[in-house]
Amino acid sequence: MTDIPHVVILGGGFGGLSTANEIRNSLSSSQVKITIIDKKDWFMVGFAKLWIINGTRTFENSIGHLNELEKKETTKHIL
Numbered sequence: 001m002t003d004i005p006h007v008v009i010l011g012g013g014f015g016g017l018s019t020a021n022e023i024r025n026s027l028s029s030s031q032v033k034i035t036i037i038d039k040k041d042w043f044m045v046g047f048a049k050l051w052i053i054n055g056t057r058t059f060e061n062s063i064g065h066l067n068e069l070e071k072k073e074t075t076k077h078i079l
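For the sequence shown, full-length UniProt numbering assigns the number 1 to the initial residue and increments by one for each residue that follows.
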């Protein structure tokens, strides 16, 4: 069995998720393992807060759950 690189990303914000997506889109699951570590289990784009304030959306409708990343072959989320 060949060891594959294990990339650990600290922070599941915009930068961390963008980095994980770029790596995942560039390499197959046999080439890299990605772990995202964050204290939250959700992500929200900053401007979505404006939609919550003006009542256009609720908090629940404005977040993405980081555990959904685990369905992707190469990515694991840890709280």
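In case anyone wonders, no lab produced these hints; they're calculated from the structure.
Be aware that a few hints might be false.
As the list claims (entries may be wrong) - With a Cα cut of at most 20 angstroms, we get these calculated SDA-like pairs of lysine to any residue:
1) 39 to 57
2) 33 to 8
3) 40 to 25
4) 40 to 59
5) 40 to 4
6) 39 to 3
7) 40 to 63
8) 33 to 59
9) 40 to 64
None of the values given here were measured: they were computed from a predicted structure.
Quick rundown of the hints versus the structure:
1. 39 to 57: violated (24 angstroms)
2. 33 to 8: holds (8 angstroms)
3. 40 to 25: violated (24 angstroms)
4. 40 to 59: Holds, at about 14 angstroms.
5. 40 to 4: Since the Cα atoms of residue 40 and residue 4 sit roughly 27 angstroms apart, the hinted pair is violated (cutoff 20 angstroms).
6. 39 to 3: Answer violated: residue 39 to residue 3 is near 28 angstroms, above 20 angstroms.
7. 40 to 63: holds (11 angstroms)
8. 33 to 59: violated (31 angstroms)
9. 40 to 64: Since the Cα atoms of residue 40 and residue 64 sit roughly 11 angstroms apart, the hinted pair holds (cutoff 20 angstroms).
In summary, the numbered hints that this structure violates are 1, 3, 5, 6, 8.
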